[in-house]
Structures are given as structure tokens and as C-alpha cells.
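Student: Listed below are the residues making up each chain.
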Amino acid sequence: MTAKKQVPIIEGLFTWPSDKPQLIASRCKKCGTVTFPKAAFCANPSCEKVRENVEQIKLSNKGKLWTWTVQQYAPPAPFRKEPLPFQPYAIGMVDTEEGLRVLGILTSNDNLKIGMTLEMTTGKLYEDAEKEYITWMWKPV
Amino acid sequence: MKKFRDVAIVGVGLHPWGVFPDRSMPEMAVEAISEALADAKMEWREIQSMVAGTYLWVSQREGMFGILSGTAISAAMGGIGIPITSCANACATGGAIFREAYLAVASGLYDTAIAVAADRSAGGFFRPQSQDPQFDLDYIRYVMTGETNPAYWAMECQRRMHDLGTTEDDLAMVKVITSKIAPLNPKTRYKKAFTKQQVLESPMVCAPLHLMEICATSDGAGAIIVCAADKAKKYTKKPVLVEAAVIGSPTFGDHTIPLTYLSAYPRPGVGILTESRNAIAAAYKMSGRKPEDIDVIELPDNSSWHYFAYLDCMLQAKDGEAEKLLRSGKVDPIDGELPVCPSGGLGACGEAVVAQGLFQIYELVKQLRGEAGERQVKNNPKVALAQTYGYAGNNAACILSKAW
Ligand SMILES: [Zn+2]
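Protein sequences appear in the order of chains A and B.
With this note's numbering applied, the first sequence covers 1 to 141.
With this note's numbering applied, the second sequence covers 1 to 404.
For the record, the hints were derived by calculation from the structure and aren't laboratory data.
Be aware that one or more of the hints could be misleading.
What the hints assert, rightly or not - Which residues of chain B face chain A? A few of them, derived with a C-beta cut under 7 angstroms, are:
(1) 127
(2) 151
(3) 204
(4) 252
Claimed, not checked - Reference excerpt, derived from the structure (chain B facing chain A, CB under 7 angstroms, subset only):
(5) 143
(6) 158
(7) 162
(8) 206
(9) 263
Being a predicted model, the structure only gives us computed values, none of them experimental.
Every residue, glycine too, gets a C-beta built ideally from N, C-alpha and C.
Work the whole structure out from these sequences, hints included.
Tutor: Structure (C-alpha cells):
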């Protein structure tokens with residue numbers, strides 16, 4: 001059986017295809033403000049709103065867990081996650097090296113601790129006949 | 001801040017909170033308005049300006065009635081040609097429209113105004129309404145992470161436990177203490193008081209929050225009538241002065257990620273819940289009041305975490321003070337020195353999203369007038385404070401006092 005093609009359910013949020021996927025953010029060349037997902041304008045209220053000031057960057061894929069929870073009930077559509085029946089899964093807020101705090105699904109529900117180091121990866125949400133749909137996830141290291 | 005003329009609340013009305021599948025939002029609003037008009041002994045034609053709360057989950061239920069709730073409600077009341085606006089500030093909408101009604105009168109443009117909101121939300125978890133994968137951050141966040149509202153609350157709660165030592169017992173005791181009122185308030189959806197054991201044995205929704213530590217969604221409607229304070233005696237012997245009616249939004253660099261968004265960029269010196277801290281600070285400034293002047297509080301206990309986080313915020317106390325207040329009995333909803341949530345709170349009502357702020361104001365008016373019956377607070381309150389926060393970084397707060 002050949003592996004199905006993996007595609008992000010929403011394009012443009014992380015580099016893909018890639019051996020080492022990274023989140024795609026934006027950075028203001030004037031003041032350094034980083035935003036994810038990438039934004040058209042610098043979010044800093046004291047900075048100019050000029051499209052050309054904002055460049056696309058890839059975030060480092062290391063972070064520290066700021067907080068987490070385990071979702072015990074299936075969120076309603078349009079969120080979709082397998083395997084079925086629903087399995088509880090963890091969500092966290094992760095501080096990246098750029099000073100950004102980013103949400104994401106965690107690859108494990110066990111032994112989660114505030115302050116632990118995580119690495120960005122990707123994981124399957126669900127699949128259909130041809131494709132597997134993936135999102136970014138944070139993996140404890 | 002320029003001082004406008006004084007404004008008083010002269011009438012309040014509330015459709016009960018609950019599940020009403022056979023009633024439309026405008027119908028529920030008409031009942032709330034009718035009760036408020038009767039309370040003020042006022043005719044509908046005496047209302048000069050109106051602002052309505054816009055239902056958020058428009059594509060799921062009632063279509064245009066959600067988007068144009070103001071005009072739909074006025075059509076149901078019978079059109080009288082007054083100015084109407086519809087407003088959406090998420091769960092802070094009730095407080096936001098109250099502020100608009102206040103401003104309409106405080107500015108001198110009108111002598112009377114009404115804030116009205118109805119909501120049909122009794123359908124469980126909220127979800128994004130568009131399918132736009134490019135610009136709708138709510139949709140993107142939800143599809144990519146599955147983060148529900150309770151998951152957000154649970155993460156904030158987990159962090160508070162880590163930083164401040166909040167315990168599982170503390171979280172459960174919020175429900176025990178606020179639900180004491182539940183059987184006493186005829187307007188709430190739930191009428192049951194819970195024990196600590198029942199709370200802790202209820203299913204885990206998102207660790208560390210149990211089902212009984214999270215509020216349900218609800219249907220409901222409310223209406224508040226304000227008028228120029230110097231004309232209030234025409235309508236009521238017990239006008240309630242609006243000392244402050246404010247709204248707030250977040251400050252850049254807030255340490256939390258507001259629901260809807262996927263990331264935050266915390267900056268030194270900027271705290272958490274800045275939309276709420278900004279609104280509360282503005283309310284104290286506008287009224288000239290201090291936290292120690294407040295006699296009774298309604299806060300948004302969407303979860304046990306909210307109760308603690310927003311009590312700290314509303315009292316401008318050191319983070320972690322709220323747990324001590326709860327343990328001490330000082331904030332008991334009836335007997336406390338500073339009663340909190342004498343309505344039973346969101347735990348007992350369930351949240352009718354855009355109308356919730358009006359539920360709080362209704363309760364505080366009843367408490368100040370001494371008309372709350374079995375749930376009347378015992379400390380003879382003169383000054384009251386309410387606040388609600390809303391999705392994506394909204395907040396509304398008000399300070400009310402006796403004007404007789
Ligand atoms: Zn900038």
C-alpha cells in the first residue's frame with residue numbers, strides 16, 4: 001500500500017512539503033514585531049502601516065510550553081480529527097525563540113509540564129480516499 | 001474626560017434564561033422590553049433612541065433577525081421612527097449597548113434611550129461561521145487546532161494554578177458558592193445547588209475544568225431603559241445613577257492569546273486580560289470610585305477560572321487575591337461583606353451571549369433597589385459594579401449607584 005499524499009488542510013501556514021517544517025510568520029523590518037499567521041501590516045501601534053515594511057520569515061521550530069489542556073470532547077465541525085471514535089488530545093500555548101506565543105495541538109497527552117521543551121512537527125488530522133490532511137503540532141522532546 | 005449630564009436607569013426587564021425553541025429573538029426581546037416599560041411606567045412611544053445587541057451565530061439561526069436585530073425588534077414592537085443601531089461586541093455586547101444608550105442620553109441628544117438584546121445560544125460549543133481559509137482567523141484557528149472556548153479557559157486556568165497555586169478545591173468551590181443562589185432566582189436557567197463532591201465528580205471537559213465548572217449556553221433577552229437623571233423621578237421613585245459605562249479592548253503585547261487568534265507577542269510591562277483591565281480602570285476613573293467603594297459585584301463566571309481572574313481584575317487586587325476572598329466567605333453572594341454574583345452568575349443562568357451584560361445590570365438594579373427577594377444581599381448596597389468580557393478582546397464594565 002502506497003502512502004497517501006499529505007497536504008495541509010489550509011495552505012500557507014507552514015512550509016510544506018518539507019523535511020523540517022516551519023511556521024510561516026511575518027516580521028516588521030522597522031521594529032521587529034513578529035506575527036503569526038503572517039499579517040499585511042505591523043501590529044505594533046507605534047509603527048508605520050506600510051505593506052513593504054513586512055517580510056515573511058520562518059519561525060524556529062523550538063519552543064517552551066506556556067500552558068496546556070486536554071480536550072476531552074469532540075469539538076463540532078468544521079474541526080475534524082481521527083481516529084474515530086474521538087480520542088482526547090492535548091492543546092498548548094508554546095513560546096517560540098522569537099518571543100511569539102503560538103497555539104497548537106500537542107502530539108502527546110502524557111507527562112505535560114509547563115516549561116518543557118517542544119519541537120514543531122506535523123501530524124494527521126484526518127484522511128480521505130486520496131489524501132491525508134495535516135496541521136502543525138508541538139512534540140515534547 | 002469631559003463630564004456629560006447625569007443619566008439614570010429607570011426601567012429593567014428580563015425574559016427568563018433557558019431553552020425556548022418555539023420563540024424567536026424579537027419575541028423574547030418584546031417581552032423584556034414590555035417588562036422594562038412597565039417597570040418605568042413608560043409608554044413605548046416615549047423611547048427616543050435604541051441600540052440592540054447583534055446575535056453572533058447568524059448563519060445558524062434566524063438569519064437576518066440576528067444581523068439586524070434592532071430593526072427586527074422595533075418592527076415587533078411597532079415602529080415609532082426612532083434611531084436604531086445594532087452592535088456586536090461578542091459576549092461584551094450587553095454592556096457595550098448599555099454604554100451606547102447611556103451616551104445617547106448623557107450627550108444631551110435624547111432624554112430617553114433603551115438597550116435591548118436577545119440571544120438564542122442554547123446549542124452547545126460555539127464554532128466559526130465562515131469557511132474562509134485566507135482571512136478568517138477564527139476559522140483558521142479552529143480548523144488547525146480545534147481549540148474550543150473551554151479549552152482556552154482551561155489553558156488559562158492551568159497557568160493560573162501554576163503561577164498562583166489555585167487548587168482543584170478552589171475551582172470546585174466557585175460552583176458550590178455561586179450555585180447556592182440558583183434555586184432562588186426565577187430568571188435563571190438552572191435551579192440546582194451543588195456540593196463540592198458533585199462538582200469534582202462531574203465529567204472533565206478540558207483539564208483542569210469539569211463540566212460543572214463551565215457555564216452552559218442559553219437563550220434569553222434583556223432590556224434596560226435610561227433617562228436624563230433630572231427627569232427620572234417622573235418614572236420611578238428609585239432611579240439608579242449610571243456612574244460609569246465603558247468598554248475596553250486589548251493593549252498590544254498582552255501576554256495572553258485572545259480567543260480567535262493563533263498567537264500573541266507578550267511584551268514586558270503589559271499584563272494579561274488587558275481588555276478587561278483597561279475597561280475596569282476606565283470605569284473607576286469615570287466614576288471617581290475605588291474598589292473599596294463597591295458593595296456588590298456581578299462578574300462573568302463562564303468558568304471557575306473566570307471567577308478568580310476577573311475578581312482580581314475588578315478589584316484591581318494582587319493576582320491570587322480572589323482565591324483568598326472566596327475561601328474567607330467575604331464574597332458570599334448573599335451574606336458576604338462584598339457579595340459577588342447574587343444572581344447566581346453565569347453558572348446558574350447559562351450564557352445568552354449578547355444579552356448577558358443586561359442580565360448583570362438587571363440584577364444590580366434589583367439589588368440596589370432592595371427588590372431581589374430571597375436573594376437580596378444583606379449589606380444594604382449603595383454602589384454596584386458589573387463587567388463582562390467577550391471573544392476576540394472585548395470588555396464592558398459599569399458602575400451604578402443609588403440616586404435616591
Ligand atoms: Zn513595526
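Student: Does each hint fit the structure? Answer for all of them.
Tutor: Here is how each hint holds up against the structure:
| no. | hint | in the structure |
| --- | --- | --- |
| 1 | 127 | 5 angstroms, holds |
| 2 | 151 | 5 angstroms, holds |
| 3 | 204 | 5 angstroms, holds |
| 4 | 252 | 5 angstroms, holds |
| 5 | 143 | 6 angstroms, holds |
| 6 | 158 | 5 angstroms, holds |
| 7 | 162 | 5 angstroms, holds |
| 8 | 206 | 4 angstroms, holds |
| 9 | 263 | 4 angstroms, holds |
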